[in-house]
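Chemist: Sequence:
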Amino acid sequence: MRRQIRLPATLRFDRPYRRHPPGPLRCVAVGGDRRQNPNGLSKMHHQHEIVQFLSASPHRLRLLEHLRENPCSPSDITGALDLSRRSVQRNLSALADQNWVTKTDGSYQLTTSGALVALQYTTFLEVLKTIERCEPFLAHLPDSEHVPDLRWLTNAELVVVDSSRPYAPMMAYTSHLYECSTEAIQGTVPVLSRFHANVHTELLDRGVETELVLPRAAAERAVDLEAALHSLGCDLYIHDGTIEVGVTLTDHRGFVGAYDDHGRLRACVHGTNPELRDWAARLYERYRDRSCPLAGDLTGEHVP
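First residue of the sequence shown: 33, per my numbering; consecutive thereafter.
Just so you know, the hints here were simulated from the structure itself, not pulled from any lab data. Treat each hint with caution, since some may be false.
What the hints assert, rightly or not - Here are the simulated DMTMM-like cross-link-like pairs (lysine to aspartate or glutamate), alpha carbons at most 25 Å apart as the crow flies: (1) K135 - E158; (2) K135 - E81; (3) K161 - D310; (4) K135 - D181; (5) K135 - D175; (6) K135 - E189; (7) K161 - D181; (8) K161 - D129; (9) K161 - D194; (10) K161 - D108; (11) K161 - E101; (12) K161 - E243; (13) K161 - D137; (14) K135 - E164; (15) K161 - D321; (16) K161 - E307.
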């Protein structure tokens, strides 16, 4: 069953949403007209109108983005954006009505508000695009704490399962690890499979320092694989709870794997974005700090 997640604060690109206590609707007189005025409703309605205004014409955002670079005259804009002069003049007038552009000596330039709207609305659209692209990955994350800032996924590589490639995420993951040049690897392993064991065995043979966190249930189901890794010098930690996200850290790359309810890797994102890797490192450390090192005798006894 697919789980629903709450998206992180990334999408609230202007300010955090604050929930107000429930209360009765208030009415205020405006020019003889009585209108409902619940807390924040009128402002929210205005924000929706802003989005509708920008989406009403694809040229408006293009004009804002173009004017972010330099002030321009309508004729300059017409040539640069390949638009009719009438369209440019009409949309510039509409932007001026919003106080997002001003005209000085025949050239238009952005106001401070206009520059902020252009930047934040562009970011908003990029985040929506990332959500759509990464939906197969996001759909299998358990909650918002396991969702990285979506801006960090913009240029990340995404590999998902499909009917013709049921093991595509795992094959991409192991392929990158086989080919990577790194001195150390850390990771959480929700399910310890032969794929994981083989790639980490080779890396250990190369002298790569390896530290893995396993849920107790996965360790008990794969005692032989666990013993093989431990005998090669892999530092293993046992986590008494479930591990719902696979995280792997090399020297310069971070991997995040999303699993379904049956422990199958459904999607993997990875990249060299330092912020993505730092977030993955913090998530890994949270799991490791709540885990215990594996005892040397592999009898099932663990030391704190």
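Chemist: For each hint, tell me whether it holds in the structure or not.
Modeler: Hint check:
1. K135 - E158: It is violated: about 29 Å lies between the C-alpha atoms, which goes past 25 Å.
2. K135 - E81: Roughly 24 Å between the alpha carbons, so the hint for K135 and E81 holds.
3. K161 - D310: With Cα atoms ~23 Å apart, K161 and D310 stay inside 25 Å; holds.
4. K135 - D181: 38 Å, violated
5. K135 - D175: With a Cα-Cα distance of about 48 Å, the restraint between K135 and D175 is violated, given a limit of 25 Å.
6. K135 - E189: 43 Å, violated
7. K161 - D181: Status holds; Cα separation ~14 Å.
8. K161 - D129: Measuring from Cα to Cα gives roughly 29 Å; hence the hint is violated.
9. K161 - D194: 20 Å, holds
10. K161 - D108: Not satisfied, since the Cα-Cα distance of roughly 30 Å exceeds 25 Å.
11. K161 - E101: 24 Å, holds
12. K161 - E243: Not OK: K161 and E243 at ~35 Å, beyond 25 Å, violated.
13. K161 - D137: 38 Å, violated
14. K135 - E164: The given pair, whose Cα atoms are some 38 Å apart, is violated under the 25 Å limit.
15. K161 - D321: 35 Å, violated
16. K161 - E307: The hint holds at about 19 Å.
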